[in-house]
Amino acid sequence: DTGVSQDPRHKITKRGQNVTFRCDPISEHNRLYWYRQTLGQGPEFLTYFQNEAQLEKSRLLSDRFSAERPKGSFSTLEIQRTEQGDSAMYLCASRTTSGSRSGELFFGEGSRLTVL
Amino acid sequence: GDSVTQMEGPVTLSEEAFLTINCTYTATGYPSLFWYVQYPGEGLQLLLKATKADDKGSNKGFEATYRKETTSFHLEKGSVQVSDSAVYFCALFYSSASKIIFGSGTRLSIRP
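Protein chains in written order, with this note's numbering: chain A, 1 to 116; chain B, 1 to 112.
The shape of chain A in the complex, shown without the other chains (with noise of 0.2 Å):
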């Protein structure tokens, strides 16, 4: 088990550019999941794959965020043409949906975006 990892762990990108973030869930976990966690705020869900299918996005995610997870192991979060407000830390969170411990998410350390 060599935990969730994210890259790159801050990004400081100029308005109008485009950022890609990347995770590495824990291999055996199926579920992966991108949330955002601004300021003095709890993370907020974005989506969520299980394997390469993306089951799940929230209505927070507009059409300027994709999420890939070509063959179900390391995902991508792209964000086109970046707003200040999308400035926020990205969290990658992953689990199991079998045993006892399949309701635990496990989180990187999250990907800081800062959009100048």
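Think of the hints as simulated: they come from the structure by calculation, not from any bench. Source: prediction; values computed, not measured. Yeah, the Cβ is synthetic: ideal placement off N, Cα and C, and Gly gets one too.
Ranges between beta-carbon positions, derived for each pair: (1) B/68 <-> A/39: 29 to 35 Å; (2) A/100 <-> B/1: 24 to 30 Å; (3) B/27 <-> A/54: 24 to 30 Å; (4) A/50 <-> B/10: 36 to 42 Å.
Cross-link-like lysine to any residue pairs, in silico, SDA-like; alpha carbons within 25 Å at most: (5) B/68 <-> A/102; (6) A/11 <-> B/40; (7) B/60 <-> B/17; (8) A/57 <-> B/29; (9) B/77 <-> A/40; (10) B/60 <-> B/19; (11) B/52 <-> A/96; (12) B/60 <-> A/3; (13) A/11 <-> A/61; (14) A/57 <-> A/112; (15) A/57 <-> B/5; (16) A/71 <-> B/97.
Could you slot chain B onto chain A? The hints should help.
Showing chain B alone in chain A's frame:
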């Protein structure tokens, strides 16, 4: 819709003090309840959980009891340490919905 409400922080206590962080929830069904903790510079990690009414979750000296009648899941610790300084998140989870809903978090600072 389903939601979680936590007491606002920051909460500042002296070492060895008794801690309570209140959490109440609104749910249409019977969710599992969690407390997650986020230490400075680290990702969220599960602190404890309870899957049904009257269950008590416990870990690292922290406890919380799933109270269906009051829709609460308050976090308690009898004697806090400086190392407990962190942000604590209450959350609910439905396996059928498959996502976790978080409260806004409570920042805890412990003075030596």
